[in-house]
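Chemist: Work from the hints to combine the two standalone chains into their complex.
Residue numbers (my numbering), protein chains in the order written: chain A, 602 to 667; chain B, 127 to 210.
Treat the hints with care, as some may be off.
Cut-off 30 Å, straight-line C-alpha distance, at most; resulting in silico cross-link-like pairs (DSS-like, lysine-lysine) [unchecked claim]:
1. A/LYS664 / A/LYS646
2. B/LYS176 / A/LYS664
3. B/LYS176 / B/LYS133
4. B/LYS133 / A/LYS646
Hint data in this document are derived by calculation from the structure and do not stem from the laboratory.
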Amino acid sequence: MEFGYRGQYASQQMNMDFYSAKGGEHELAQAYIPFQRYVTSFPPKEALRMGTMFPELVRPYHKSKV
Amino acid sequence: MMDLRCKMLDDIRAIEFMAVELNLFLDINPHDHRALNEYNDYTRQLHELKYQFEQQFGPLTNFGYSYSLHHWRWIDRPWPWESC
Chain A
602 MEFGYRGQYA SQQMNMDFYS AKGGEHELAQ AYIPFQRYVT SFPPKEALRM GTMFPELVRP
662 YHKSKV
Chain B
127 MMDLRCKMLD DIRAIEFMAV ELNLFLDINP HDHRALNEYN DYTRQLHELK YQFEQQFGPL
187 TNFGYSYSLH HWRWIDRPWP WESC
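Next comes chain B alone, as it looks inside the complex (with noise of 0.2 Å):
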């Protein structure tokens, strides 16, 4: 049985990964309509996966592109990579 943190991991990869991959389709069709929406709707999901996960888990990045609030939470462990 997965726990939450490993699960909303998941969640954050692959919706990073079809983020990647349209930018990447983007880049070659820029006037791609459909795939520029679902880009655009992936990088919303995205952002509250993300937030979400760092409200409950720590900060996902460090050096200023991510928050943290009431102490420093870099150094608590685990860190994003560690034990999933």
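Here chain A stands alone, though its shape is the one from the complex (with noise of 0.2 Å):
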């Protein structure tokens, strides 16, 4: 028993060639995310006021002046 459909597969080649002509010399986004490491952490009451127990990880909003 086969499974698939009927119609064509594309080739890898067929893709690459789809997003060079789309694109230009742009790629795709891919996400890149870096381990964390425990380095040091806000006490209790300041990790809740920041948001976030980890230093490096603070994102303050900023008021927007528009």
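Modeler: Listed below in structure tokens is the structure:
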């Protein structure tokens, strides 16, 4: 028993050609996330206020001036 | 001047937040012994803080997560999220 559909499957080259035609020299996005190392933490109250216990992850929102 | 009940709730919130943060970190780094030790230490503190709070001010949760000795304290106001 074979599974699949009766149409044609794309080759790798077909897809590469499609993207190089669309995006020029740019490549598709690839997500990369480095592993976090535990260095130090805020004390509990400050962590709650900062929204994270990890100083390297503080991302405060600033009011837009627009 | 913050009353004792509100101060204890603040402590519980802060310690529980540390447990959540370390929980999330440990999901990605399960072999980090320091994070694991701190998680267990905050968990112990959290149990103690919640126990102390519930002794004085009544249950923090219902549905079988907190005891209600002597009478049904869940309906006594303020509820945990009120008046702080």
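Chemist: None of the hints should be skipped; say for each whether it holds.
Modeler: Hints and how they fare:
Under the criterion of a C-alpha separation no larger than 30 Å, the hint pairing A/LYS664 with A/LYS646 is consistent with the structure, at around 23 Å. The straight-line distance between the Cα atoms of B/LYS176 and A/LYS664 is roughly 36 Å, outside the 30 Å bound, and the hint therefore fails. A distance of roughly 12 Å separates the Cα atoms of B/LYS176 and B/LYS133; the hinted pair therefore holds under the 30 Å criterion. With a CA separation close to 12 Å, the supplied pair B/LYS133 and A/LYS646 stays within the 30 Å bound.
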